[in-house]
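Given chain A, put chain B in place with the hints provided.
Protein chains in written order, with our numbering: chain A, 3 to 503; chain B, 41 to 507.
FYI, nobody ran anything at the bench for these hints, they're computed from the structure.
Here are some chain B residues the structure puts well away from chain A; computed CB gaps all over 12 Å:
#	residue
1	I42
2	S154
3	D286
4	R288
5	P303
6	W351
Derived list of chain A stretches under chain B, where covered just means 3 residues or more per stretch with a C-beta under 8 Å from a C-beta of chain B:
#	stretch
7	36 to 44
8	313 to 323
9	424 to 438
10	450 to 462
Below, a sample of chain A positions facing chain B; criterion: calculated Cβ distance under 7 Å:
#	residue
11	T73
12	H139
13	E140
14	F279
15	F352
16	D387
17	P401
18	R402
19	L405
20	A409
21	L410
22	D413
23	P414
24	A470
25	R477
26	Q479
Quantities reported herein were computed from a predicted structural model and do not represent experimental measurements.
Yeah, the Cβ is synthetic: ideal placement off N, Cα and C, and Gly gets one too.
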Amino acid sequence: MAVNSLREYLDLLDTTGWLRSFDQPVSWDLEASAATMLANIRDGPVPVFESIAGIETESKLVGDPYRGPQTRPWDHFAQALGFPSGLSGCTYYDRVIARLNRTKAPRTVASHRAPCKETVRTGTEVDLLSFPWPYIHEGDGGRYSNHHTIVAPDPDTEWGTWSSHRMMIHDSSQASLLLLAGEQVPNRYYYDYEPRGEPMPVAVVIGAEPTVESTADMWIPTGRSEAAFAGGLKNAPVDLVQCETNDLYVPATAELVLEGHVRPDDRLDEGPFGDYFGYMNGPRRSMPVFEVDAITHRHEPRLPFCVEGSGVGYGQNSTSTLRLVAAGPDATVGLRAAGFDVAMAVPWRFTSRTVWVIATDRPYPGYLHELANFIFTTWGMLHIDFFVFVDAAVDPLDPRAVLTAIALEADPDADFHQFGVERMPKVPLNIYQTPDEKGSADVGTSKAKTAKAYIDATTDGDATDTTATAETRKRAQERLVEAGLDAARFDRLDEREGKSQ
Amino acid sequence: MIPFTQYVRGLAGDDDLVRLDGPFEVPVDVLAAEALRASGPALRFQRPTGIDLVSGVFSGPDQTQHREARPWSRLALGLGLEPDATLVDLLETISTLGPTGGNPEPTYAGQAASGTDIDVQDLQLPQGETDMWPAVTLGVASVSTADGTHWAPVHGSVVGGDTLRVRVPDALSSLVADGTTMTIALGVPPAAITTAYLLAVTEQTTTPIQSCGVTGTVPLVPTNGGLVPSATEVVIETTVVDRQPDFRSDRREGWEYVVASGPLSLSVESVRATDTPVIPISPVGRPLADDIQLTGLATAATLYHRVNNYWGISPVEWVMLPAEAELGICFVASDVLYGGFEWQLANILFSFSSLFDTVVIVDEDVPPQDFGRVLADVWLKSHPARDWTFSEPDAPAATRPHYRTDNETGSRLYVNAAWDPRWKETYIAPRVTFQNSFPGNVRDVARALWDESDTGPEDTTESGASR
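One chain only, chain A, in its complex shape:
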């Protein structure tokens, strides 16, 4: 059975030895982040900071709770979903895809039954600075909340739309939100609420249950509810509760909820910040203002944060892991729903928001162009620069196999395709544009346009390894495990359900 809250998930990590609680005081001012980064780059346990130095608070900080093991990043999340341990990556994807195909509508609960309402503060009791928001990297523009789900209105769904946008704390009631046009919630603000001069109601949900947290990075089609996909993933309805000061509904088991609104025609500084590509991103920009109207929370709230920038290269963090374990299966479902017969869509492990690998057949000429065009104009528009297409038989979770496919099958003469050269929008969260090119456009995208590219690393025929049958390979792996090699290293000891690998 899937877990129902962040706390249950942390307990699960504890039972498997992947959690470490620190009782000694640790400062929110870089110390918690530094300790978390060490764990991220060294593949250590998830740290929980029980006592925060320099502030009177009952809150605890949790560093990158969803980071998975470097060798098998899906392991922890699989346990959170109630799956058996030891699944291969492909089997894990199959199971998650099956759940995403069976969405479950959320159910509402009364306020008195919602743990996130254990404490309610409104009016003059609202004080953002009473919480230990971490200062994450030296050089950041300020203290951040960057591991949360933002709930905003959506006229097409009853439950609003969920997404994630980093938030820089300014004072006791204000923060700036990084809203980049092109994404659903920012578009709602820039092209709907702000032109009408209306504040956009928003709730920032911190420490939601795992399946909720994982949907924030999914691309859910317009008119569909993230809450229903979170329920499908969980195989049970997600409990929602109405906000105190607006009509939005938020996950009831969340640790902390900031209710408020984004003011029209108002901006505050945001950034710089060390973001997901592993480099400090600047310059400081003007971004919309989130004003807090109410704060509700559980007793002793656990506030997760992500040390962004540590999830590139070999390192993993919460966001890089959630992309791999949730956004990948979700993208696979979405592409299949759009009529593309893809086997798997998987973010590239070393830079999970810049490159994706898609294992697919090529049923007709021009198929890859259509597939790339579809993605680059929908969920892959702003952040993703490259797609790599490999044969359906290639495991896109295996970077070596993907690298081999690029090296041996992608002909520079015919298989590298640049899309919309210098014509496509790009978020300023990149390091290949100069600060002048990024500019400071009002709606967040870079002033200069860019290009995207896809690489066709599929074979023209059957170039898979045929020197041994699948059964022989499996017997070899069994023999090697008998000799003492770690079974987790092998890919054929876990039969992929319902399919032949």
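Coordinates of chain B only, in the frame set by chain A:
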């Protein structure tokens, strides 16, 4: 010089070799391939005949995970380097084994392989599921001419008790005629097989080993074919009986993608082995196979030496042809001296090797052991329109990739994933790292927290090691 058996014992002593006891219901080459694919240890196949096989001894774990060991760590030990030797240490060591411009004084010693009561089929070399005959891999062919002894890698099949069919570089074939004696050495010191690969990939097989650095480090012994290392495990003396046999192998060892090769039919005259011989094998054609690693390292050593002796300075930090990319991409870390230097660097690499037609350039401060960073920077630092540069489509196809095998011309590609030297310093985004993102006192606090913890991550390197 480290003899092969001592090298194998060393790997076992380092817990980097696992012993499997026969019989083997699964083909040995499949076991070897699966261990490599899983980045596992080297394997020793213990057999009742007393003739053991070992696999993975010249390979290593892939770099798509951070690990304590590198793909080149085993070979570095075999060449007498320290366990923490860098890639550049190894590349420079490999270069010293080749032509020196002088004639190092050879050392001669008695032949370790003295037993003679076996034939070549008794070696029970591995035979894959789809193979017609047992395979000879990781061998060194030795022939003698008036200039001296010539070594080359050899790959082939045991087609009978007294017949081998092999492929050798054309340069070696050109030195022999029907009736010429040729010795096949199996289980030679790592320095010797590395030399054979180095000479092959630099097309210097016709250079006698008496003019190579290896002669000064590996004790030798004369055989009917030519000099071989005295510590060779199995010495097969043969006579060339056919220089144009009808023989093809579906699978090629790595060096065969670099130089032209041709078949020879050999009549086996004698097989001599040590008392308990150990023979290296490579699962040719499978990911991370030993022959691919040897070819990649020998080629990288050559390219590293050449590009750093070309412009009067040495701007290149390292060159790598990773087995993870099957030698089809060349990665290079360099100081980009000036705008346009990246073009020069990529194209000179294309000039010096025909294996690949994609080059990726990363900044000089990217360490080769942090391949994860390389696999991120390729996409992060390069502008999708401006930094992926294609040549005119009239270049010959590279030899390693599968495309354009019909001699059609096409484009080459280099990816510039290094900072543009023309950029202002303020344009360069600082990396998020433990060192850069936290002041010293905070780093000390973070380290102390984990050091005091029983369950903390190991304090190895900043990049960390996989569990």
